[in-house]
Each structure stands twice: as C-alpha cells, then as structure tokens.
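Number of protein chains: 4
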Amino acid sequence: MSRPWNVGLIGTGFMGRAHTNAYRQVSQFFEGTWRPVLRAVCARNRDNAQAFAERWGFDEFETDWRALVCRDDIDAVDICTPNHLHHDIAIAAAEEGKAVLCEKPLAMNCMEGEAMCRAIERAKVPNLVWYNYRFVPAVTLAHQLVASGRLGQVFHYRAVFLQDWTISPDVPQGGAGTWRLDAASAGSGVTGDLLAHCIDTALWLNGPIQDVSAVTKTFVSQRKHVQTGQLQDVAIDDACAFLCRFQNGSLGVFESTRYARGHKALYTLEINGQHASIAWDLHDLHRLKYFEHRDESVVRGWRSVHVSDGDQPFMSHWWVPGLQIGYEHTFIHQLAEFLRSLDSGTEFHPNFRDALETQKVCDAVLASGQERDWKAVE
Amino acid sequence: MSRPWNVGLIGTGFMGRAHTNAYRQVSQFFEGTWRPVLRAVCARNRDNAQAFAERWGFDEFETDWRALVCRDDIDAVDICTPNHLHHDIAIAAAEEGKAVLCEKPLAMNCMEGEAMCRAIERAKVPNLVWYNYRFVPAVTLAHQLVASGRLGQVFHYRAVFLQDWTISPDVPQGGAGTWRLDAASAGSGVTGDLLAHCIDTALWLNGPIQDVSAVTKTFVSQRKHVQTGQLQDVAIDDACAFLCRFQNGSLGVFESTRYARGHKALYTLEINGQHASIAWDLHDLHRLKYFEHRDESVVRGWRSVHVSDGDQPFMSHWWVPGLQIGYEHTFIHQLAEFLRSLDSGTEFHPNFRDALETQKVCDAVLASGQERDWKAVE
Amino acid sequence: MSRPWNVGLIGTGFMGRAHTNAYRQVSQFFEGTWRPVLRAVCARNRDNAQAFAERWGFDEFETDWRALVCRDDIDAVDICTPNHLHHDIAIAAAEEGKAVLCEKPLAMNCMEGEAMCRAIERAKVPNLVWYNYRFVPAVTLAHQLVASGRLGQVFHYRAVFLQDWTISPDVPQGGAGTWRLDAASAGSGVTGDLLAHCIDTALWLNGPIQDVSAVTKTFVSQRKHVQTGQLQDVAIDDACAFLCRFQNGSLGVFESTRYARGHKALYTLEINGQHASIAWDLHDLHRLKYFEHRDESVVRGWRSVHVSDGDQPFMSHWWVPGLQIGYEHTFIHQLAEFLRSLDSGTEFHPNFRDALETQKVCDAVLASGQERDWKAVE
Amino acid sequence: MSRPWNVGLIGTGFMGRAHTNAYRQVSQFFEGTWRPVLRAVCARNRDNAQAFAERWGFDEFETDWRALVCRDDIDAVDICTPNHLHHDIAIAAAEEGKAVLCEKPLAMNCMEGEAMCRAIERAKVPNLVWYNYRFVPAVTLAHQLVASGRLGQVFHYRAVFLQDWTISPDVPQGGAGTWRLDAASAGSGVTGDLLAHCIDTALWLNGPIQDVSAVTKTFVSQRKHVQTGQLQDVAIDDACAFLCRFQNGSLGVFESTRYARGHKALYTLEINGQHASIAWDLHDLHRLKYFEHRDESVVRGWRSVHVSDGDQPFMSHWWVPGLQIGYEHTFIHQLAEFLRSLDSGTEFHPNFRDALETQKVCDAVLASGQERDWKAVE
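Chains as they are written, first to last, in this note's numbering: chain A, -11 to 366; chain B, -11 to 366; chain C, -11 to 366; chain D, -11 to 366.
Keep in mind the hints are simulated off the structure, nothing from the lab.
Each hint should be verified, as a subset may be incorrect.
When chains are identical, the list treats them as one kind, so a pair holds in a single copy or across two.
[To be verified] In silico lysine to aspartate or glutamate, EDC-like type, Cα no more than 20 angstroms apart, as pairs:
1. 112 - 102
2. 205 - 361
3. 112 - 35
4. 112 - 76
5. 252 - 283
6. 252 - 297
7. 252 - 284
8. 252 - 42
9. 252 - 299
10. 205 - 52
Source: prediction; values computed, not measured.
Work out the full structure, taking the sequences as your base and the hints as a guide.
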C-alpha cells in the first residue's frame, strides 16, 4: 500500500502547473511506496491561489510562503517562484526539515547557491532541482550509452538552446510571463534560463568543465517594466555563446538566444566520440540520433531512434511502441525517480549540489562575457 | 462551478488506461460545465478490476458489464472491450439511457453497426466513437486548412498505417495483448484496427468514398491460440491495401500492415490540392507538413510546422511554444470536445453514425479483397 | 589504350542532352577499353541539329534518322526521340548491326516491344534501355543489399512517382516539352513516363509481378494541342495507381501522378523484409534509408546513409566522402557498365528484354485501369 | 562564336580533377564568349602529368611549374597545389600577365596573402580564388535573400564544418592525400582547410568580422610523416572553434573539426534575422531551409526548398525540376561567372582581395587560439 507524501507548492505559473501535473500523474503510471498528496499551494494573490487550488485539487492554499513552509502537514516544499526567491525559501524549508524541490536555476548566483547547499546539507533533507531534461527518455538513453563506454574517447560536445520570443521590443520585462527579462527577478537572461539546461545535461553526460570563453549580447537595450510602466534598461543577456574545455579533453561549444527566428525552443545537443556519436533535439524529443562507426561501412548512417519501446528508459510505463509522449512527462519521470530514492535511501540526482556545479559554470560564463577573457570554473 | 458526470468504464486494457487518463486530466486543462467522475470500472477478472479501480481512482468496480450499464449512478458508459462485445454493450447502455462512448472500430461489421446506430438514435443518447486521431492538434489543423478551401480542387489522398509487431510466427492469437489477431474477437485484422483510423480521417478531411479495390494477405497462416493452446488458422488480414475514388473526384491509395519492418505505428496521410498540400505522420505527431504553391517560387518548399503554439488547435491549454504533447492528449481533447457538446447541445463528431460510414468502407474493402473486384461503398 | 566507339544520337531534347553528357564524361571517370566518340547527331530541324552538334561536340549532324542509322562510321545508335519512334528506329538500327541504346519506355506497347526484342535478338546486337535510376549509387546499393539476402522474406514493396507540373489546364499537349501529354507521341501518360521507372526498379529489386489492379484518371480532359492550336481531348492518364502481387508473395502498392502539389519529381521506393527494410527518395538521391532489425534494440532506428564513400557503388570514381553527385551521373554509370559489358562479353541489364517485362506490367496496368478488373501480367 | 581561353593547370590531385572537370563542362551548359582550352597541365612527377593530360584531354604537360607559367600559349594559370606553393606560383603567374585562379585558402598566412594581392593588383590580371561553396545554387540563393533585405536586422550567424577522417592515429601526415595534416604544406589544419570556407561564406552573407575568441586542439599529437617515415609532431589544429562579433552587430559561432564521428563533410550554416532565417547543409546541398516569420502563424514553419527549378540560381542550365546536381557543379558555376566577368569587364568575386579578408580572420583565429585571448581582425 502506498503512503501519502504531502506537498506544498509555491508559485502558480508555468512551472507550478507542470510540477502539479507530475504529482497528480505519477502514481497511476509508476509503482511506489510514496503517493503525493496536494496539500497546499501558495501564491501571493489570494484569488490566484484559490483558483489554482480548486482547479488542480490542492486541499488548501496560502498567500505567504513563510506560512506554507512552516505547516506541520507538509512533507515537501516545491519552489516554482522566480529565481530571486529560491534562496530564502529553500533555506527556510530546509530548516523546517522539509524535502526541498527547487525549480532551476538553483539560485541567482553561486554565492546564494553555496548557502543553499549548506543549509540543505546541514538539515540532511531530500533535495532535487528540476533539471527535467535529464528525464526525457531519449536523453536518459543517451546517458546510458555514454556510461556504457561505447563512445570511446570523447572529442566534442555541442549544444544550443534557441528561442525567438523576445525579438519584438514591445515585449516588456518584469511581468507574470516576462520576469525572465528582468534581472532583478531572473539574475541573468538566457544563461540561467536556457544555457543552464544545456550545462546541466553536459556535466551529466560529459563531466566537468574546466574553463570557458563567452560572449554575451543584449539586443534590445530598454524595455518597459510591467511594474513601473517605465522604459528601463535591460540588464539580462539576450544571447550568450561560449567555448569550453572539459576535463576529459573534449571541446565544447554552447550557444543560447531568444533571437533565433524560427526556433521556439530548440534545445539540441551532440556528443562525438571515437566510436559513436549521439544527437538529440527538444523539438522532437522522442527521437535520439545515434551513429555507430562499428556498423558495416556501406550501410553506416545516423540512426533515427523512435524512443517509444518498453525497453527504452521510462517507456514501459506509458503506451505502446510508436506512440510518443511529450514535454510534461519529464517531470513525472523525475518525480518518480525522486520518490524511488526516498524509498531506497539512495542519493538523488540532480540535487542542489549538482545544480551548484551548473551555477558555477553559469557564473564563469557571465564573468567571461563581461570581462572578455577565459575564466576557470572554480 | 462544474457538475459531476459519472463514468462507468468497461475494459481495463490499453484503451481502458488511455480513456481513464483522459477523464482524470480533462478538467485541469479544459474549462467546462461537466467534470468526469470515475464511478465504476468493469473487468471480468475480479482482481484486475479491483487493482485497476485502486490505481486509477474509480470509486467502485464490477465484474459483469450488464451490472455496470444498469447502475443508476452512471451517466456514461465507455466501452473499451474487444470488438465483438461492442454491439451488445452499446445497445444495452443506450437502452438504459446512458451516454455511450465506444472504442473504434464501431462493430464487427456494418450489420452490427446499423443496429447500434438505430439503438443509439432511438434512445437519443449522446454518443462518441474514439477515433482519437482527429484530435491530434496537427490533424485538427489539417481539417481547418481543408475546410478553409485553400487547397482548391483535391486530386489525391494517400494514407498508410504500418506496424511490424506480428512478423514473428511466435506471436499468438487470442490473448490479452493479442486478441487483435483473433478474428472471433477482432472481426478483421489491420482493416478494422488500423485502416479504420485512416478511413475515418479521410472521410473527415476529404468526404465520402465511392468505391474500392483491395488486396488482403495473411502472411502467417497459423498461430497458437492463447485460449486453446493449439495452432489455429489465422482468419484476419495481416495486410490490406486498397485504391479508391472519392466523391469529390480525387483518387485514394491506402495501405496497412503489421509486417513493415522498421515502423512501429507509422500512420501517415497526405492530401494534394490544386493550391496546397498537407502531410502528417503519427511518429512525429506534433508536426504538420504544409506546402503552399502561392508562396514566392524561389523559396517555396514543404513547411515543417511545429504545432505547439497557442493559436494552433488545443495548444493554448498546454505548455509553451516548442514543447510537444503526446499520444494520450488526443483522448483528452476528444473528451473535452464531447463534454462541450453536452453543454452546448450541438452534435458531436465522430459519433456512431460517422463510425458506421467508416465501417461501410471497411466492409467494402474486405469484400473487395476477398472477391478481387471493385466494390461500391453502399 | 582506349579504342573509339562511335555514337550516333537521335533526338536533341532533355534526354539527348543527358545522354550526350554521359558520353562526354565517362572516359575521364571510368577506365575502359572503349571511348565514346560523338560522331553524329540527328534532329528533324536543321538548325537544332547543327546547334546541338556544335555545342556538344558532335562531328556531324543529320536531319533524317534513316540516314543516321545507315552510316558506316557509327557503332551505336542512341534513341532519344518521343516514344512513338522507338520501334522503327530500334529495328532499323538493329538490322544495320548497330548497338542500340533506347530511352525508356521501350515502346508504345508490348506488341511493339516484342517486335523490337525479336529484331535485336535476331541481329545479336548489344542493347540497353535507359532505366537510369538503377544506377543511382543508393539504388545499386539497395540491390546489393537485397541480393545479399539480408532482408529475409519480403512482405511489402511500395513506390510512388509524384510530380505537379501539369496541374494548370494551360499546359498544352504535343509540343517540344509537352509531347508527354499527347497520347500519339507518348502512348500513355504517367504509366509509361513515371511508373515505368518504378516498375523497372521493382522487378530488379523484388522479382516478377503476377497481377495488378489499377485505377487511372485524367483530371484535365482537354488541352490545346501545340501542332493544331486546337483544344483536343487528352488521351493520356494524368494519374495512375495500382496494387499488385509479386511472385515472391509480397504485396505491392504503386502510385504516380503529375497532380501532387509540392512534389517536383518525388520517386520514392520502400521494401520491407523480415529482417531489414530499405527506402530511397529521388529528391535526395544520394541517401539510402536502411533499417536493420538485428541492431541492438534500444538504438535501433532507420539509418540515413550518405552514399558518398569509396566503398559504395560507383563512388570511388568521383570526389571524396560527403560530397554528393547528382542526377546526370546515373547515365554515366549506366554507360560505364554498358561499355564494360561490351568488353567482357557479359550480358548487360537493363536491356530490351528487361524493358519488355516492364512494358508488360504497364500494359496490364493500363488495361486494368480501363476495365476495372485485376489483370494478370502475361 | 566562342573564343579559346587557354588554361594551364598546376597540380593533379582532387582539386586538379575538380577544376579540370569544370573547364571541360562549362561551355556545354553556359553560353559565353570564352571557351576554356586545356592547354597544359603540370605535375612534378612526369608519369602523373602525362597520365592526367591523357585522361583529361590536356594538349601538353609540364613537370616544372615555372616552365608552365612562362608559356606564351597560356591565358590563365590555375593553382591546385598544396598551400605552401600558392604564393610563389601566383606571383610568378601574375608577373607573366596571366589570369590567376588559385585554390583556397589563398596563402599560408596574411603576410603571403598581402604580397600576392599586391602582385595581382600591380599586374592588373583577372583573378579568382576557388571558394566554390558560394556557387552552390542554394547558397547563392541565400545570398540573394539576404541581399534583398528581407531578413531585417541580423542577430546570429553560425556555421560548422565537421569531418571524421583523421580520428585514427594511423592516418599519416605529409602524403598525397594527407598533406593537409602537415603544417609545412598546409599552414594550418581545419582552420585553413574547413573554417576558411565557413568564413568566406559568412563574410559574403553577413559582412565583416570585428573580433574573435578561439580554441584550438590537436587530438593526435604525433603522426608518421610520409616523406620521412618517422613519427613527427603534428603542428596543425585538429579542431578549432571560435566566437565572433560581426560589424553589423550580430554574433557568430563557428566550429570545425576532423573528429566529429558520423559527419563526412558536414558544412552547415544558419543566419537568423528579425523577419526570416536561412539554413543550409552541404550533405544535402540542393536544399535550402527558409523560415519566414511573416507567414500566417498557424502554418508557419521551416520550408525545405528543393533548389532545382529554373528560376533558382544556375538551375536553368541543368536538368528539370526535382533533379539535383552535385558537388562538382559549384566549380562549373564559379568558372561560368568568372568567364562572364572577363567578357563584361566587371570585377569578379571572390577574388584574391576577398580571400585575403578570409585569411585575416583565419590568422586572428589561430592567434586567438594560441594566446587564449580575443583578437581583433585587422
């Protein structure tokens, strides 16, 4: 029999919806000891909080996150707020002994992230950061392939995350859907929002990054701020690209932007090894491209693998071969693995400490972009 | 405030899961008057019924479908059984005044289908057949494009549904996952299972079919029957292809098989008009291919449309542009539309009568394959 | 040292250019005993003939094909005329003891084709029909793969040849570029022009066809005739699709049209076997798609093979891996193979007899389309 | 009537073949005043020179390039040697008043390149550098689209050139096919060989580059030298990636390697503008990808344009729509344009001065890679 695991969720935006969906879905598709219960949700606006609670089936709602993290009837706190609140909430929740599940990026910067890790580790609470793309079945499969050693020596890693939704100068900063353009809420622009995903996956698939050389650019220098109604300087990076060297001797090239006309959310990655190469693309997330040099030469070619069979990661829990799943399932998979780790007592990844490693690369990238120099990842 | 709509579901296989998921998900993602309540589920095996009820959150369970359809606390009966039971259950449910939602194909043949339609229409109950692929956003978009008239005169329609899961002669017939190979349960092979989908979409997109010429083939003539343990003749069609003429003057070519190595569930369709063409592929269901001849000639080409924006069908209910949904969402969309029709009193499609039209084509195809002659669709 | 092989070419249209290019190119890229010499070209219009001879480097020109075939200084006659002249020229050339290279389709119908084969065989002259797509490296590779037996039992063969250049009713019939719409010159429409290619490849890859069921359609019933300036009935098939059964037990589906908006010359083929499948597409002719079921299951997928390596058919004669060749090279390859057969004394394929087999299928298809009945291929 | 234009070619390797093919083919496919005559070819090895002359139809051969450049019967000198000879030959040929056609990269470095440009300009001779990829019809079309202004402000340019042929440490340096791994012959590795192509196209499509930050890597540090038979240090860059800023405010990311398993010669480029984006891929060189944001939103998507119609660049000279051309045609197009410029007296591009601009970027990239610092392009 399953046991209830009471969740308090803070933030009712896009991520609030995506995480809540995962809590509602996981127990039908994955066996496990723990069954999430939607105990309470928190939003600053009372109407929002109430409506969200009703729609998604939370028992109760709060309007002050400090009230939520103190509730005795909560086992876990899920942080879906803008980035500038992660630090305070996470530390408070940890100090209350709650499991902490934090949306990425971990923090506004490494200094915050270090403090958060220390609090989490002092409290010894289960913790997770929602780098959900690790849990795309195709990406998990990529990790298994790399871990099997079949690539041999790795020479190259490249990743891009390209969007085009902020090209118009009429897009404001600082609102409900646009806080990601406001440095005060987001910390950085595409680096923390998009490259952070690319970096997390890269560290997972290809190990630590030694040093980076970056270029950043803000194409639209002023945007109206939703809260003030005034044109204000844009302090985030609209685009960021960087070169890097991995500890394993391979070279990396990363690029991210919100000005790549034609790409809605094109996160692609590719890893080239001595014997095999792997590529993946978020726009067709259910496919993995695989090249195996040991194939017979005349019929050697990139394989387009439709990751929808029962022997591929997570897919035995879903439908039948050939039928794809979507974006939201990544959260369900991550949650299922996290719940399993609670049960087994094994350490879950990606956790706060993993996310801090990504934060370090992000900070080095931003510093390099600003100072136009190679920066070591400390 | 939403009002409860009590569902009784019969059958706990693949479709039982897919439909139940839709009932659980629809109200979080689509506003509406009616909120499905999982009142009771029915399976012949008591343990299965109970386990399914627990896992998916049905209040109660039954082991006799006749008991379920008579329950006063049920507003709707959803039929997820093998095909040979559709007829009796649907008629009984209609006579009880229940809304009837029936998995496709409608029936074992047109004679059964006619009786079912008569019962439904006599009882004047809301009704639906789960031709879910109409509700893939890309397919709905295709329908909107055709309906807008922008294709001009249509010349060609082609569709295939290719699988490869029965190539091994060791696959049995007549079991839980393999009743589709047993003519006694399934009525036909790929014609009712796969071509029925292609035909339903074709009738929706391109109008009535006049006549057909088909070829059918059974590649493995004997398979072990799960119930008897004996090798028995296989009486279904392993593969079926047909030519046809549509009433609008266009030609159609359809093919389906479970022996197309390399294709898990490749349902593709293409429609060629005077001014524009459209193509779609279930293996990448979130994309629509569109060719517009009125584009400037030097940059004219097939467009690969990532159907994930808020102005594309159903997508405003999900995530953000660039993030794909999956197979299961088609059932949620179909259900949302059905619930909306309950509210508005408009006729829902595809209903039993629509599915009978598809059944008529299937019957003509099977007859043509057997008699090796063109057959009119009556 | 190479020895001259004197060519007389009849017809200066598209195929005249493509064949002449092959004669000019073959000796630089393929070693061999025989070196083609462009001895004479023939066109009815004197200016055309002269201009073509000058541009392409023919020594002389003729305006009467009967004069050309009688010339003592000609070793081979290449027939690039509209179809209705193939019969007379081929027989005359054979009777003069010339090697005969005839553009496809072989003839207006089987009766003509039979007579041509008899003449050729009576004269024992080397002969070739320009079914050039066999000599696309990817298609030749497909043939090698099939011949190696690695597909196992074949279940399905499908091919389409889709164009869109005659959709406008303003396209005339009977002119220089449009004789293919005039039944008097072309014999048939898409069947002889496009399906003939599909059939030739199919017979080569998958063996004889037993019987066919076809549908044909003429979408534009009257077009202006270039010679008369009058609207005249269109007697060719604008579109044709057929089902067939191969002798090896597999099913075939073929379709061709000039009304498929968006496809310029989309010739695709696919063959599904027990263990492997192969697909190819003329629009990207340098790629072969290959699916190998014996690949490890989690990384199994269609391989996109870039056929440009030295160990792939014909490619050692060209550039370096990754650099594609084009359409015209198919003629060079076919010619190189033909010249090699002259040298070695082995029988060349496809020859007149092979092309007659394709003609038989075409005739059965057209008869089936007309009579709406299955027709055996005699 | 056409007038002869006598060519002397130096070097009989891959490029010697590709250029010669262009001289042989151009006059059949492109009208023009000047008709290339293959007057003499030069190779150090007498047998090679003679065999090449015979195979390709050169009237005569030489074994000393100094003898060739002095011949009175030569109008143009084409330099197909390894890079370290470009400088001396080009200057000598210019001083003899010959037109000079030089294989890329222009020189071993900018200093050489400057001297070459001065000699060329002093002699006022027609000149060309074989940056042939500008003459892929799809790339020329891309240039036309950019030049039309329809992209609006450009934000991003990215290009890669990925190969995998030197992964094995058994590949030697310094031989006929492997001089590109020997710094003494090649000057640099992938930078001059591959990135030079990417840079030339980028400068053409997107204007000057201001500054660069690069990383270079030599994965295999020692290889056997063909001439000495000894293991020697490898002094070229096996891989090189760089970031850059263009004068128009856009960001660039470039990467090149010979260690990208699975890519034979994958040169891709993409340019993102405010209103439209363009992408191209050498592995399918006959296609252009085009995204037009002004398309109706629900059917907006990347268009795959099959560049094979008569209104697309160069294609009216070839076959019919849908039939692709290949790699070698780029040289024919470039030559046709060059011959046309001789006739019209207009300046041809890319010429020596254009190639020097590319050389400057290459030098800055290599310096940046070595010194790990941003470098301005002087």
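Checked hints:
no.: 1; hint: 112 - 102; in the structure: within (15 angstroms within a copy, 66 angstroms between copies)
no.: 2; hint: 205 - 361; in the structure: both (15 angstroms within a copy, 18 angstroms between copies)
no.: 3; hint: 112 - 35; in the structure: neither (35 angstroms within a copy, 41 angstroms between copies)
no.: 4; hint: 112 - 76; in the structure: within (17 angstroms within a copy, 59 angstroms between copies)
no.: 5; hint: 252 - 283; in the structure: between (35 angstroms within a copy, 15 angstroms between copies)
no.: 6; hint: 252 - 297; in the structure: between (27 angstroms within a copy, 9 angstroms between copies)
no.: 7; hint: 252 - 284; in the structure: between (37 angstroms within a copy, 16 angstroms between copies)
no.: 8; hint: 252 - 42; in the structure: neither (31 angstroms within a copy, 40 angstroms between copies)
no.: 9; hint: 252 - 299; in the structure: between (31 angstroms within a copy, 14 angstroms between copies)
no.: 10; hint: 205 - 52; in the structure: neither (37 angstroms within a copy, 53 angstroms between copies)
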